[in-house]
Amino acid sequence: MLRLILWSLLLTPWALQAEPLRLSLDPPGAGSQKASYESSHAPKMMRKYWVHGQAENLSAQLLTADGVQHPLVPVQESGASYLSFKTGFMDGPLHGVNQLYAQSRRVEGPDLRVETAQWYNVNHSCGWGHPFRAEPEGLAPKASGIDGLELLVEHLWDGNLHKSTEAGDQLQITALLKGKPVAGVELAVTTGSGWSKGLVSDEQGRAQVQLIGDYFPGDWSRFKARHQSSLLITARYQSLQAGTFENQPYQSINYQTSLPWNFTPERSGYQKYETGALLGFGGFLASGLGVFFWRFKRRRW
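If you count by the working numbering, then the sequence shown holds residues 3 to 303, one letter each, in order.
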């Protein structure tokens, strides 16, 4: 209990800050509609991601699945910014996980705020084959070396490049600062239901957390095995490094980053629902057969 209270005190000032810079398939101001999710089975010719948060001095880059970096130019539309890039319906350098980064910089009081928004685009079609089964290094997210804070999260997809994150999974997170592991990064893992867990990276920049299940329909018959729950991983780190940015002095650098994802209920959960359904049906069938044979025997005698 004491540990929970201490973590709450640690994360409360962070939670009260403005919305972190993040990427989304939905434009800002979309309201309370259900968030959109990206399929790992539906390649598209063009990808488009909206920037949420304070996007001042915005820059962006794309690290394609073949490890090549490409600068992107943010586009303004209806007072908001978005990033886009072409993929194509073919196997090639974009087959795999493409990593997208948007970054803003501004001076606030004594701090230079460097915010990074990340996105993992799993660009895959089963018709292209599954070459990464034999090349596991092609499955892991790559360090971009971006001038800021970056998160690498392992095992979010399987060897077939299919999203595989479920409730109950252990998330393995590595925090990098300018491409190198960094200790003492404060992380928060938050689901769409409001559950949040605070973590701190170790000397190797690593931290891990187990996702909890947050999908429990009141009626088992309404259970959806592929129900999508949202997940947001955020991180911050302060460096006591002074300097100037656009002729404005600062005393320290406040790095922040965000990475959204989604997950489904754990397999054992809906297997229990299926088992319950089968047992219920079996009981109903047995009762029906019992009544049938009882009446049949009475007619014979």
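Honestly, the hints are just simulated from the structure, not real lab data.
The model shown is predicted, which means the values in this text are computed figures rather than measured ones.
Every residue gets a Cβ at the ideal spot worked out from N, C-alpha and C, and that includes glycine.
Treat the hints with care, since some could be wrong.
For lysine-lysine, the following BS3-like pairs were computed, each having C-alpha atoms within a straight-line distance of at most 25 angstroms [what the hints assert, rightly or not]: (1) 88 <-> 144; (2) 182 <-> 144; (3) 182 <-> 46; (4) 46 <-> 88; (5) 226 <-> 180; (6) 50 <-> 182; (7) 180 <-> 144.
Listed next, with one range per pair, are the computed distances between beta-carbon atoms [as the list claims (entries may be wrong)]: (8) 30 <-> 75: 15 to 25 angstroms; (9) 76 <-> 172: 33 to 43 angstroms; (10) 157 <-> 76: 24 to 34 angstroms; (11) 170 <-> 245: 41 to 51 angstroms.
We went through each hint and held it up to the structure:
no.: 1; hint: 88 <-> 144; in the structure: 20 angstroms, holds
no.: 2; hint: 182 <-> 144; in the structure: 12 angstroms, holds
no.: 3; hint: 182 <-> 46; in the structure: 33 angstroms, violated
no.: 4; hint: 46 <-> 88; in the structure: 8 angstroms, holds
no.: 5; hint: 226 <-> 180; in the structure: 41 angstroms, violated
no.: 6; hint: 50 <-> 182; in the structure: 29 angstroms, violated
no.: 7; hint: 180 <-> 144; in the structure: 13 angstroms, holds
no.: 8; hint: 30 <-> 75: 15 to 25 angstroms; in the structure: 19 angstroms, holds
no.: 9; hint: 76 <-> 172: 33 to 43 angstroms; in the structure: 35 angstroms, holds
no.: 10; hint: 157 <-> 76: 24 to 34 angstroms; in the structure: 31 angstroms, holds
no.: 11; hint: 170 <-> 245: 41 to 51 angstroms; in the structure: 44 angstroms, holds
In this structure, the earlier hints numbered 3, 5 and 6 are contradicted, and the remaining ones agree with it.
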